[in-house]
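Participant: Throughout the sequence shown, residue numbering follows the numbering used here, covering 25 to 797 in sequence.
Any given hint could turn out to be false.
Said to hold, decoys possible - Simulated crosslink set (DSSO-like; lysine-lysine; CA at most 27 Å straight-line):
no., residue 1, residue 2
1, 163, 188
2, 188, 174
3, 426, 213
4, 188, 85
5, 188, 60
6, 213, 85
7, 85, 145
8, 171, 145
9, 514, 52
10, 239, 171
11, 239, 163
12, 52, 213
13, 145, 174
14, 213, 239
15, 239, 85
16, 714, 654
17, 415, 163
18, 213, 60
19, 213, 415
20, 239, 52
21, 52, 415
22, 145, 188
For the record, the hints were derived by calculation from the structure and aren't laboratory data.
Computed from a predicted structure; not experimentally measured.
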Amino acid sequence: MRLIVLILAGLTLAACADPLPELRMQGKQLTLQVCKGVDEISTEPIVLRHWDSEGILASWKARKGTGRIRSTRAVFTFEEEEQGSLELRDIPQGAYDRIRLDMRPPRDGRLQLDLQDSEGKTLHRASIYFGRSDPDQLKNLEFPLQKVRKSLGDVSRVILHFPKDLDTLTITGITFLGTTPESWLPDPKAPAMTVMGSDHRMAAGLSSRRPLETKFEAQAGLNFSFDCAAPDGLRDDSDPALTLEFIDGTGRTLAEHEFAVPINSWRSEQVTIDASLAQAGTLTARLSLAPGRRGTITACALTPPRVDGRQSDPRTVLLLTSDTHRADYLGFMERAEVDTPTLDRLAREGVAFTDCWAAANVTNPAHISIMTGTGVQDHGVVSNDIPASPKFLTLAEAFAEKGYRTFAALSAAHLAWGGIEQGFERMSSPNRAARDSSETIAILEEWLQDGSTDDRPLFVWLHLFDAHGAYRPPPPYDTMYQPDDGEDPKDPANAGRWGEVNMPSWCSQVTDPRYVEALYRGEVTYQDNALGELLDRHPRLERDLLVFVGDHGENLYDQGPHFDHSGLTTATQHIPLVLAGSRVPRMGLVQQPVTQVNVGRTLLDLAGLGGTEFPGTNLLLGLDAEPAGKPVTRFALQAHALKASAKRGRWYLKHNLYASQRSEGVRVPNHIMALFDLDADPDCKVNVLKDNREVTLDLRTQLLRWLMDSRVAEYLTSDYRTDEATLKALAGLGYSPGSALPDNNPWIDPECACEWCEAYPIGNPERGSDSED
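Hey, can you work out the whole structure from these sequences and the hints?
Facilitator: Put into structure tokens, the structure is as follows:
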């Protein structure tokens, strides 16, 4: 609860003053800096104990292996088929809160750290997964332990586990480090996403010995706001107390407010600048923390303050992404036989593109294409465990630059760290692999009701995951579409009745694919109902501008792999796209071929921000004109860059890039192709490549030029690490880890002389064809 501690003579509270005028101004996020006169505090870690290669051999016991020194490096050799590990029992005294390894990491694998007590009980376990690591390069790898620092005094042994198939390991040093509270939170010069529970917010560290300040031009009616939270690991004898002072140009404190900082959760605070404070002109806002009762250092996370004017009709932009949603599973589509009254209404009131194509067949690559306006061939993210480059301008950053509040409520954990958090002030993701739409929507509603978005323009990304396997809709949606023929869906006699259908592992006892498909339809209707209730409770979300778009589709039992989306097929690429709101013309169903890559550019244009820098083309351009008659070619990349596709009109080309299996960890090129005539064969059962050589040559030429014109080398993340929790979450959803792309010609070698490349050489693409990412 906020308490006004000091109001100087002559100043009045906003609640007692005359009504404040509407202040229409672009909101602004302020920059925090350390207060003048405060000594710089080193955030460099303190070395409490260090072992060089000789010390490692002397103090660390190798389990299932032997060690030796080679060129000042400790080299351990482990027994075949056994997991190698090192154990230390001589634990250093002192407040260590991280352990660093100087080593040559495995190319692919996992390092695991166990902290155990004297009885061998594991008190804490941490892991780092490595992909795309140079095996000849030494690296500094750190296990942060700040969150469990209170239990570190009970640790009697430390065990480092290494990948099971690792025969040798090279280590040059192991170090126990201690750090200051200021180093646990982002530097004020570089705020970063800070997590409390499942709630991520862009924040910096404030401590009792490092107060922060910012300046702004005071105007009556201006809202000064910030969020604060304290990690439990930084709490000792008291809860932190935060003080906000408004100081004029002479250094005089005009007003002072005190706030209690919550532990492990965020709280939004706001102060309205009244007419008396506004008379000071430029104000300095100083934020400080009181030390603990015993004089201990306290610290908390603080979001950069914002100043926003009051608007009676602030604009709202809602981006809804529906995971694993097929285009034909919408009520307004012909063959769906599924109820989606909310989306049907939005389609009637706005524009629904019935021929929208996804950039990829998995979650993160497709979402990064939406959020950056670039295709997978450029951003290079080909799996869910590879983050996007921070060099990209994101859609959230584009809206934030124009004064919008930017929130993201996500239903899958792996989206939160995928590199698209840039520009979002708030982001919530589940602590487990995924969550129901009702949970995600509830979090978004909490944000909408906490006052932080009142009278301010808002950009919201809401990600829903219900249609993703395993399909488990709640009652009554679980039985809403089940066949009413009375047959047992688990009857073994059903085998082969609907052809060779491979049932998913989470429904392995079922033999009737119609039963599983009905569950999928139930999920779609359940999600639509949840969305409809949200829009009814918060009409602001659809008042101005709303887009509903799938990230990718899903194979059911029409194409394989069944009830999955790991392959590149028309079912996994054809997705829904609906635009609605007062900023959108009422056009109904539109058959214009488009891609999800252009969604961001379209939202900015419709929001009146057409001059904002961002890639792409407005999807609505030219819809009211006569068709140009030029065929549009659209491209996509499959997960792990195994395949690419090109679709133009009735023709659909699938082009292998790499084999699914590697040879000694190296990708093996594989350029087999298949061509399908979708007019005659919508489910892609018959390969007609041999009978249509000219079509194949033309589509292949366009596809390979699209790949070779890629800018991926500018953005490809050369090294990444994924924590164990993320890997387990991905595995639970059926996703496998990513793998390195070749540094040169990552998609395809233009000089390849395999039989397929020789038989179908790159030529000149058909004249008059357009292309889209």
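Participant: Each hint should be assessed against the structure and marked as holding or not.
Facilitator: Comparing the hints with the structure gives:
1. 163 to 188: Roughly 20 Å separates the two Cα atoms, so the pair holds.
2. 188 to 174: violated, 31 Å
3. 426 to 213: With Cα atoms ~21 Å apart, residue 426 and residue 213 stay inside 27 Å; holds.
4. 188 to 85: holds, 17 Å
5. 188 to 60: violated, 53 Å
6. 213 to 85: Violated, because 42 Å separates the two Cα atoms, which is more than 27 Å.
7. 85 to 145: holds, 18 Å
8. 171 to 145: holds, 18 Å
9. 514 to 52: violated, 59 Å
10. 239 to 171: Roughly 33 Å separates the two Cα atoms, so the pair is violated.
11. 239 to 163: violated, 41 Å
12. 52 to 213: holds, 17 Å
13. 145 to 174: Cα-Cα ~16 Å, so holds.
14. 213 to 239: Given pair residue 213, residue 239 holds - Cα atoms ~15 Å apart, limit 27 Å.
15. 239 to 85: violated, 56 Å
16. 714 to 654: holds, 25 Å
17. 415 to 163: holds, 23 Å
18. 213 to 60: Between residue 213 and residue 60 the Cα gap is close to 14 Å, so the pair holds against 27 Å.
19. 213 to 415: Roughly 18 Å between the alpha carbons, so the hint for residue 213 and residue 415 holds.
20. 239 to 52: Roughly 12 Å between the alpha carbons, so the hint for residue 239 and residue 52 holds.
21. 52 to 415: With a Cα-Cα distance of about 22 Å, the restraint between residue 52 and residue 415 holds, given a limit of 27 Å.
22. 145 to 188: holds, 22 Å
Hint compliance for this structure: hints 2, 5, 6, 9, 10, 11, 15 are not met, and every other hint is.
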